[in-house]
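Chains H and L, in that order, are what the protein sequence lines are. For the first sequence, the positions run 1 to 379 when this note's numbering is used. For the second sequence, the positions run 380 to 697 when this note's numbering is used.
Check the hints yourself; a few may be wrong.
Claimed, not checked - Simulated crosslink set (SDA-like; lysine to any residue; CA at most 20 Å straight-line): (1) H:K356 with L:K609; (2) L:K526 with L:H549; (3) H:K293 with L:N512.
Said to hold, decoys possible - Computed footprint of chain H on chain L; a stretch qualifies when at least three of its residues, placed anywhere within it, have a C-beta under 8 Å from a C-beta of chain H: (4) 440-446; (5) 586-594.
FYI, nobody ran anything at the bench for these hints, they're computed from the structure. Computed from a predicted structure; not experimentally measured. Even for Gly, the Cβ is constructed at its ideal location relative to N, Cα and C.
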Amino acid sequence: MKILLILIFEIKGCMVCHSEVREEYTKSIHYIEGIYCDDCHGGNKNVLDIKGAHSINFIGKPKRKDIIKICSKCHSSPYVMKPYGIPFDQEILYYTSEHGESFKRGNEEVAICIDCHGIHDIMDSKNTNSKTNSLNLPKTCGRCHSNFNLMKKYKISSDVILEYNLSVHSERLKEGNLNAPTCKDCHGTHGATPPGVGGIEKVCGGCHIKQRENFLKSKHYEVWRNLGYGECEICHENHFVKKTSHNLWKEKCIFCHSKDSKNYKIAEEIYTLFITSEMDLLKSEEIVNELKKIPLPVYDFLGRIEEARTYILEAQPISHSLSIDDIKNFIIKAKSIADDVQREAIRKKKLYESKKLFLPFLWLFILFTISIIIYISKR
Amino acid sequence: MRLKKGAEKFMFSLNKINVFSLKKYFLEILILINLLIQFLTGFLMLFYYIPSMERGYESTIFIIRDAPLGYYFFHIHLWGAIFILILIILLIFKSIFYKLYHKPKEILWIFTLILFLFFSFQYFTGILLPMENNFYWQVERIMEILKEIPILNSIYSFIFGNFTINKFVHIRFYIFHSFLIPIFILIFLFLIFSNFEKEKISPFYLNRIFILFLVFLGILLTLSILSPFKISEIYDPFKTPTKIYLPFFLLPIYFLKIYLPKKIFGFLFLILNFLIFILPWIDKREPVPIYKKKISFSVFSLFLILIFLTGIFGFFKL
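Isolated chain H, as found in the complex:
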């Protein structure tokens, strides 16, 4: 039987007996790069009897505490890793993380290499089937972090993955945008630590640069920092980041500011600024769409509406500074464009409809020429 396997399927070494691992292992990047069982498990792959194979430096199933050492044998060596273009500081980084520190203290329950990367079926993270690919990462982290009983011990919320899955970031990821942030983009990979107070705006600001710039100008920045609050997540949540709408000005500000206060009125004013400009744009768009159906030329209108929309988009990050004058600068531009487009489109439509007025003149002209022809022919 063994000879048959060797001859027909070209299966050699450990795989001859350990067929249950074969399928998983042959998918992995290690198999493709030629790393074999004995590199981790020890033993002699060239011998086909059990005693001989399980002889030299044989480890067997490694203990959980030894696994990091086994992996780092290659993955911390610059000589081995350089040719693959893979970083070799994962072990050092791991020990700085919450996971690593806890592991150092003797807690073997925390995540180690195999919990995230898999045991035998370790794939390149660029592979979409890989456990560490951006698309699958929430699931991988969720294996522990949505386990209520496990998280209760460490006093961590077990809803984070659920919240993330409802967020706009996850929505973008599901649409296929691999640049959308997953767990690793905020928390890091091997040095996984939650960004603390005073750190989150730097994490968010990595992508949302303009928003951060303007937030630093606002009064909230200093006040919240002195009080020891968070920053971005106060209004936008940390994991459950919803798609922002202008309603946020009404929903969130009321948590801290009373309805009669001066500060709440500022929020209301910003809200009305945004909403009225959006409504104006929608109205002008509606009229332009009517023209488009007729059909009349609307290229210039479409371009200008797009311009107005970018002004409103530009005003949104600026609204983080809470200065009404700065926001108004952009909103007024958008509004005036929308008004202009509306006026001109209505004028164009009226001009088109005035074609009907041309009809009586047409028939008068026809009657006139007919009468002239008849007059000439009768003379």
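Got chain H; can you put chain L on it based on the hints?
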């Protein structure tokens, strides 16, 4: 002096030309005027139209929206197409009514029917060209009817390949609509009008024709302003509109297609057509107008009412 005299001579010769009586050949002359308008508007639209599946819609929109007077050309062309079909059908009924197909004029009858076939084929090929969704589906529906008529379908698939619309079929439609059929129509018109008896009438004949032309153009302009054709989105083979319209002359046929079994419909259609074509050889009685004989008049009017009713039912079954 000499120039003036020459001009007078020319005008005189124009007015004294041997022509067809306006009263007797009113429908024929209207068709000619309409055809002239169709040729002119179609010719001007050719400058802007791009014969391709992808850019046909775009260029049609360009004609309607941006080209100078393109709006009028487009709508006059479409309204004119409907008018010309009405006129030729009236002409057919007229020649049945007055029995104008009797002995020396059999060939005229056949030419008229062929002209009707050409005009309806022009309609069929023309409405695909804008590549607009409603028209596109109208073409698909006409193809469904064509598929079930035994000999016609094999002729169609010999010319166009098969019953699907692709870029090759589109370009063939374009060539048929804008080059081949217009040339055939001109040839047949020449054949028809060279057979007519010419009569000497009023010297101001051309003036009356011009008045007719003006009035007809006025009607077409009024229609194109008051009820222009709706141009919706670009064609989409996966997006069927809720209601697909058919041209009015196909409604009775559509009604028959729905209520008759497939093979019977095809054969009935063919046999009816054949009978209409050989009418002059079947009906060899005296060429007396139908209204003077009670039986044939009642049969004729019953036939008309039947066609009208089936057309109406066909419209509600769309």
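- [ ] Mind listing which of the numbered hints don't hold for this structure, in increasing order?
- [x] No numbers; nothing is violated.
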